[in-house]
Amino acid sequence: MEKALIESSRNIAIHIAILWVPNMRILKMQPKFLDKFLESLEKFGALYGPVHRNGVMKYDRIESVSELDLSGHQLPMIPVKKLFNPKQFTMLHFNEKGFYPDYSMIEKRVIIGVHPCEIHGVLRLDEIFLNDPADPYYAGLRDNSAIIGFSCWPTESSLCKSAGTDIVDEGFDLFFMNLNEFYLVWVGSSRGYDMIHEREEFFEQEVSHEDMRKYIEWRNKRNEVFKLEIDFGSMPDIMELSHNSEVWDYFAEKCLSCGQCTMVCPTCNCYNVSDVFDVTNETTGRRERTWDSCMFVDYSLVAGGHNFRESRADRLKLWYTHKLKTFGSEYGRPGCIGCGRCVDTCPVDINVVTVSQALISGEVPKE
Amino acid sequence: MNISKMHENPYNPEPARIVRHYDLIEDHRFFQIRHVDMNRAMSFTYNPGQFIMLSIPGVGEAPFSISSTPSRPGILELGVRKVGTLTESLFQKQDNDIIYIRGPYGNGYKIEQMEKKDLIITAGGLGVIPLRSILYYVLDNRDKFGRVFFLYGAGDSNQFLFRDEFFQLKARNDLDCMYTVDKADKTWTESEGVVTKLFKNLPEIDPQNTIGLVTGPPVMYKFVIDEFLKLKIPKNMIQLSLERRMKCGIGKCGHCALDHLYTCIDGPVFTYWDTQHFRELI
Amino acid sequence: MTTQEKKAAPKPKIGVYGFTGCAGDQLLIIHTEDELLNLFGSVDMQSFVMASSNPIEGELDVAFVEGSVSTDEEEEHILDIRKRAKILVAMGNCAVGGGPQAMYTGDKKYKERLQKVYGDNVKFFIEPVEAKPLDAYVEVDYYLPGCPIDQKQAFALITRLIHGAVPETNPHPVCHECKLNETHCLLLDKKFCLGPLVAGGCDSVCPSHGLPCVGCWGPIEDGNFKEHFKLLESFGMSKKEITRRIKNYGGHKILQYLENL
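Protein chains in written order, with my numbering: chain A, 17 to 383; chain B, 11 to 292; chain C, 20 to 280.
Since the hints were derived computationally from the structure, they do not count as laboratory data. The beta carbon of each residue, even a glycine, is placed where N, CA and C say it ideally should be. Heads up, none of these hints are tricks.
Taking lysine-lysine and the PhoX-like style, the derived pairs with C-alpha atoms no more than 25 Å apart in a straight line are:
| hint | chain 1 | residue 1 | chain 2 | residue 2 |
| --- | --- | --- | --- | --- |
| 1 | C | K130 | C | K259 |
| 2 | C | K258 | A | K382 |
| 3 | C | K171 | A | K103 |
Over the 12 Å line for every Cβ pair with chain B, so calculated as not near, a few chain C residues:
| hint | residue |
| --- | --- |
| 4 | P29 |
| 5 | C41 |
| 6 | L46 |
| 7 | F144 |
| 8 | K171 |
| 9 | L205 |
Could you put the whole structure together from the sequences, leaning on the hints where they help?
In structure tokens form, the structure reads like this:
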């Protein structure tokens, strides 16, 4: 048994080597060096990461690495998208000469403790915001932010295994795999390499087969923890076939249209724009942008009063089309990255699990 | 992101001047506008069916169909109904006042598909604004297209847009204009009834060689499309221009999403085939 | 119009009035120290008794009126202001919906309640009437809800009005701002909160301090009242208790939403 495990881990290790080595290096780090190393990253930008503030976990600027919760057992309430597509900011100012952009929110940042699903979420948002013409605010924040990924442990609501987002092989500068005794550290970019290079003394260059075996064991163990699953592969077709399903009416009756699902979803990108005058002068002011939600009644309302999605059912359908059927340029590739936030957040239990189950079975959940 | 790239901020609108404006009908105004930068004004080009985002600082920004044709460069024409916050302020503007625009956006009408074909251009109410662009484009490139039928319906004679202009077109012998109002009064000399009634006046058409274009209020599409289908025009040869709420025009803000498409970058012109495939379109 | 002509254009004439209420909304404007001088510089403040004496009562471009109409005198006054003002803004929960003094609206027991509080044979200086919002008497152009109103929302509306533009409305629930502020949802702890039924604009100030939304911005049209009542009932609250609490600030505006529950 032991031998077989080593054998299989060897195969997987070779597989990993083939898959990753061309673009990526894997190093090893002892836990005692972690804090020191993370502190050293300050020279690459202001440090951000998951912290607890007023009983809520959120990504925030940190004063000290000791504030960080890198346990990987919890996700911040609002995804890391807020650091690239800020919740609310001034896009442009205007005066009598015209408009001019405000890039003051762009700063150099190092974002520590980003889970794999979150990194997948950012990669999905890239398809929207970096698609030509790129959104200059998102692009500016993205280019100036280093992402230090951290491995995590599934929560009750995690669906990342189903979504194929439990591992990540791009979209980070460094990725720390916490195997308790030590970290395996993936280097994913030249910026990541620079970070390592500064502090070579913290890293061991040689990763042994034994280390890799521990990694495989960790993954196998983790794979058994997931409580929920969704057959994402069949959802696009099921969504297509369920366009007129009564299931939508059931959920529409329940939905509070509070919009929380969209705010906490890592792949929701919608925003609204509004202008604000200065008090003193009608020629000066600013153009602001704020996250919006397709759950709100005015989302598809055009001037003149026609509302293309007046009914809650139509609003829900759009959201679940993007999450379970297709999102972005590639048809059939859903936007859900399986973080489970909608499962934890919706006060009336409308989420990717209950909706997909109802669509598959054609039966609504029992009250 | 490097600095030079940041200066190309796609949200940053350019100043344009209102050159001329007049009222089409009550609460509907026609605007001719031109980029303040003359080089920009003369080099600015677009496809019929595209739209611009128009800003009034402090009030906001919204999409507007371009009603002029790129075959007559230098001036952009818009037909605007006073219905909201932004248009309320736009109607306070006078000639020579500055507004701000960016664009053009969207894909416009599929002109390649239309070349050498007969065209049935069908407009209802305000839907005539984007269709006026393709209509004049076709008339300015008349030899590239087959027969042209222009069908336009409005509520009553007081709601009929571009009345003088369109009645002058009736004198042309290379274009067949058919006009109707739902409710005729004494001044009205054309047909009475909904726009679909005009289809019975069409001569025999070859459906494989005909393109149907339609834009109008949301309720109208279904009925006009039924007429096109009765004529056996293939679904992918029916082009519709759609209106949606938009905040960016470049596929970022999400509001105009239809399935996985965005009206702003994948439309606003879609074929009826698209609309069937992506069920939300109409 | 040329720029010079624009500069010469007269400043908009403004009046700020208070009826029955706590005057908290007028106070909020006065307390907006960053903008107060700018505001007084940009408008021709004709009447704002809380801020300056010697009011001039003439034609107005915009009138901001706080408080509910609760006396005969106030009824006359609002009719007069409406006649003089091109634009009338109802400012604050009392002016918008009637305020807490209108929480029993619709029970048809006003006389009884008056007697219970003031006793028999009381002579009033001014004849009281049942508290009603401004739009029970006159047409209101814009509403600025809240108890008190929010600085940011108030000045966004004020600046649009004094610069000749149409204000935007906010049809989104409190939950929107709650999530923008990364606040924990009380409903997930099975605690009372009216957030999903109530218009935002307050910057989710109560939930951000761990307190439930009590609805002072008034109901949103899109609120799913039936389902939210069901949810709150599942937490162990009675329908009567939920109704009582939603009426606290719901006044006249809430009644239509409670009809078919």
